[in-house]
Amino acid sequence: MSESPAPFEVRAWLILVTRDLNNATEIADYWIEPSRREARFFARPARRAVGRTVAPNRNSTLISNKIVVMWLKSRLSAYIRHNRFLRQLLASMLDLAPVVTVILFFQILVIQQPIPEAGRFVWGMFLVVLGLTLFVQGLNLGLFPLGESMAHAFARKGSMLWLLVFAFALGFGTTVAEPALIAVADEAARIAEEGGVIAASDESRKSYALGLRIAVALSVGFAVVVGVIRIVRGWPLPYVIIAGYIGVVVMTVFAPREIIGIAYDSGGVTTSTITVPLVTALGVGLSSSIQGRNPMIDGFGLIAFASLMPMIFVMGYGMIL
Amino acid sequence: MNEWLHELGSALLETLRAVSPIVTMLVLFQLLAIRKPLPNPRRIVVGFVYVLLGVALFLQGLKIALFPVGDLMARQLTAPEFLGAAPHDGGVHWYAYIWVYLFAASIGFATTLAEPALIAVALKAAEVSAGAINPWGLRLAVACGAALGLAVGTFRIVTGTDLHFYIIAGYVVVLIQTAFAPRMIVGLAYDSGGVTTSTVTVPIVTALGLGLASAVPGRNPLADGFGLIAFTCLFPIISVLGYAQIAAWRTRRNRSGDND
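Protein chains in written order, with our numbering: chain U, 1075 to 1395; chain V, 394 to 653.
With the rest of the complex left out, here is chain V:
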């Protein structure tokens, strides 16, 4: 128990060190450039302390609970004994890894829902749109995108195809969707791509990619292990734009139905 509290203390110190540049900068700008007192300074300081404590506890909890288990599962699922198919004829068929794709998709979905940065953006979007954007709807759309992205990303590692073909194809899809999607959602959709991959998702996804690349015969972890995060960034853009398009299309259809 004592040891656990000790770990907690060092996690808090680590977080303090990580945010010290930004706190210094905010204070300097407030004092030197704005030179006006903050509204509600006590509230803001209390909020900042909450955020610090929250991030430290969150990270420490992830380190204790989630990362070792995620790491272990990534290794167990990609182990040849588990797959049940000994590599023959120079390789395992891509469909032997079906559990890996399923695991990637479901862990991507679940960790995205737990991502604090995404919660923050969803709250802000709900506030700015005066409730037109439902935070849970947005987060589910992003999570579905991340799940799909990870499934495709693990498939890419297993088959060993080139990363940039997928990414560039994804960009093309995003561009076509942007042309047709409601303007209101575009900024939010682009943002949700970057937001998905944060504290929770990155370490688990990186472990999965590196583990998979070293377990699949013929793959090199250096060249093939990275890139999963790029998929997790790209696909939520597509899914959020798609979600908005479907919503807009349904509203249009209902309206034209009323006119008839």
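Excised from the complex, chain U in its bound form:
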């Protein structure tokens, strides 16, 4: 290969994709006034990378590809170390490695059959890693600060009523459209139909599933309200949880047997990926802005309510119908 410089556009593109956003203005300027800026732009980092002085003059377009590549390599490794997104991408891969290992182990060594549609499996895992990375980035940028700033604002406002209305709406709103809950409700409706609890028609099944969803969403809203009152008043968490457990046990005795499994499961289903960060931030934010509360001791526990209360409500729903 000759030592002639790579086309100018190619190098600019490489820089665009590998450099961080802080240099965006520099790059933009660069496009506006190429001839003068180009020299500065390439010469400075290249000197740092290879320890060799390249005069920042018009002739620096002659910098060889080798230097550009070396510089880009050093930039790239620094970039991975300092860039949050890429670091998180590696962390996400680590998070998902156990799942892939377990699946491969059982599929290859125990069941001894190939994975169907391996290409799609790889594509799907790629989406999962990318999705998890974006999610964790978004948590720190958006969901946590939002939940906490709203909790602080309500605590400063000092209106208990607004706080409780907010708590209820948060629990209800995050649950009512939760896809996992929709799936479980439909399944429960099918079972109720087969068990002869409701009439065997599409309509009665739909209304049963909707009723169940609303019962669960109401119960989560109610649970967050109780949890918030607990934080504000400073009740010890174990007492409230024990009361909830006693409620579950009492309801178990009276509820029809078919509903028990679904009821117990619906407790776990309600706490979804978006609910959890918002509700956790609410609890931690509240307990850090109310005097005398410790965010570690008092801030957690809202989710425990949110997964306890639906069990009681769903068993109640099964008894009414």
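Hint data in this document are derived by calculation from the structure and do not stem from the laboratory.
You may find that some hints are simply not true.
[To be verified] Partial chain U-side listing against chain V, Cβ under 8 Å, derived:
| # | residue |
| --- | --- |
| 1 | Leu1170 |
| 2 | Leu1213 |
| 3 | Gly1247 |
| 4 | Gly1270 |
[What the hints assert, rightly or not] In silico negatives: residues of chain U with every beta carbon more than 10 Å from chain V:
| # | residue |
| --- | --- |
| 5 | Met1144 |
| 6 | Leu1150 |
| 7 | Ser1151 |
| 8 | Asn1157 |
| 9 | Ala1227 |
| 10 | Met1234 |
| 11 | Ala1273 |
| 12 | Arg1279 |
| 13 | Arg1307 |
All figures in this text were calculated on a predicted structure; none of them were measured in a lab.
Yeah, the Cβ is synthetic: ideal placement off N, Cα and C, and Gly gets one too.
Following the hints, put chain V in place on chain U, whose structure we already have.
Same frame as chain U, but now just chain V:
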């Protein structure tokens, strides 16, 4: 390829529909009740968009990669031909299902580590405790609990014993542990129970439970297939409380050792 992108688009729409109530509600409360501008609104909007995109991609990826394989494996592992023991004398012995318990435990462990909601809570706990709680330690403790819970849960389906005996016994254990565990961890431990069972774990575990209940002779999927999630909720509470107890006990022992 085109078809895959199309699927991705519809997954994004689905996520949008699922979060629209909560976004509307947050905006309304911000405008009507708080009536103060958010600090850093642009950052928060960007973060929200990241979360939306992330959840949509994550769900779509699970739907493509993990759920079909998990479903298939649950069926293959519970198939009588695989177990190698034809049902005789009215049933298969519970120990013929050893691979099922192992699979349940390891898939529970692995999916819990991948659970985004648990990652969120672990990050928050590390932040609130100023680093005293190690996010990986917490997640490993929860994952061990989920693994144990699923192994016990599948055992229950195979033997066909009543769900509520196990759950109530579990509650009793939790209550006894609560009395002795360090106060700081109690809230977090209770929360980690609910958090374990979310996007990744629920569909795989449900498929496993229903598949197992329909494969084991004498079990009814309607009555026996559910309940695995309840186990996955309960056992992490026990394991996180236990982890904290062991940590506290070791600190105490070291301290008394220093005094001697």
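Evaluation of the provided hints:
1. Evaluation of the U/Leu1170 hint against chain V yields a held restraint, the C-beta minimum of about 5 Å falling below 8 Å.
2. Look at U/Leu1213: its Cβ gets to within about 5 Å of chain V, closer than 8 Å, so that hint holds up.
3. Checking U/Gly1247 against chain V: minimum C-beta separation of about 4 Å stays under 8 Å; hint holds.
4. The beta carbon of U/Gly1270 comes no nearer than 11 Å to any beta carbon in chain V, farther than 8 Å, and the hint placing it at the interface is violated.
5. No beta-carbon of chain V comes within 10 Å of the beta-carbon of U/Met1144; the shortest separation is about 33 Å.
6. Every C-beta of chain V lies more than 10 Å from that of U/Leu1150, the closest at about 23 Å, which supports listing it as non-interface.
7. With a least beta-carbon separation of about 25 Å from chain V, U/Ser1151 lies farther than 10 Å from that chain, consistent with its non-interface assignment.
8. With a least beta-carbon separation of about 15 Å from chain V, U/Asn1157 lies farther than 10 Å from that chain, consistent with its non-interface assignment.
9. Distance to chain V contradicts U/Ala1227 as a non-interface residue, since its nearest Cβ pair spans about 4 Å, not more than 10 Å.
10. Distance to chain V confirms U/Met1234 as a non-interface residue, since its nearest Cβ pair spans about 13 Å, more than 10 Å.
11. Against the 10 Å criterion, U/Ala1273 stays outside the reach of chain V, whose nearest CB is about 18 Å from its own CB.
12. The Cβ of U/Arg1279 lies farther than 10 Å from every Cβ of chain V, with a closest approach of about 15 Å, so its non-interface assignment holds.
13. Its beta-carbon lying about 15 Å from the closest one in chain V, U/Arg1307 satisfies the requirement of being farther than 10 Å from that chain.
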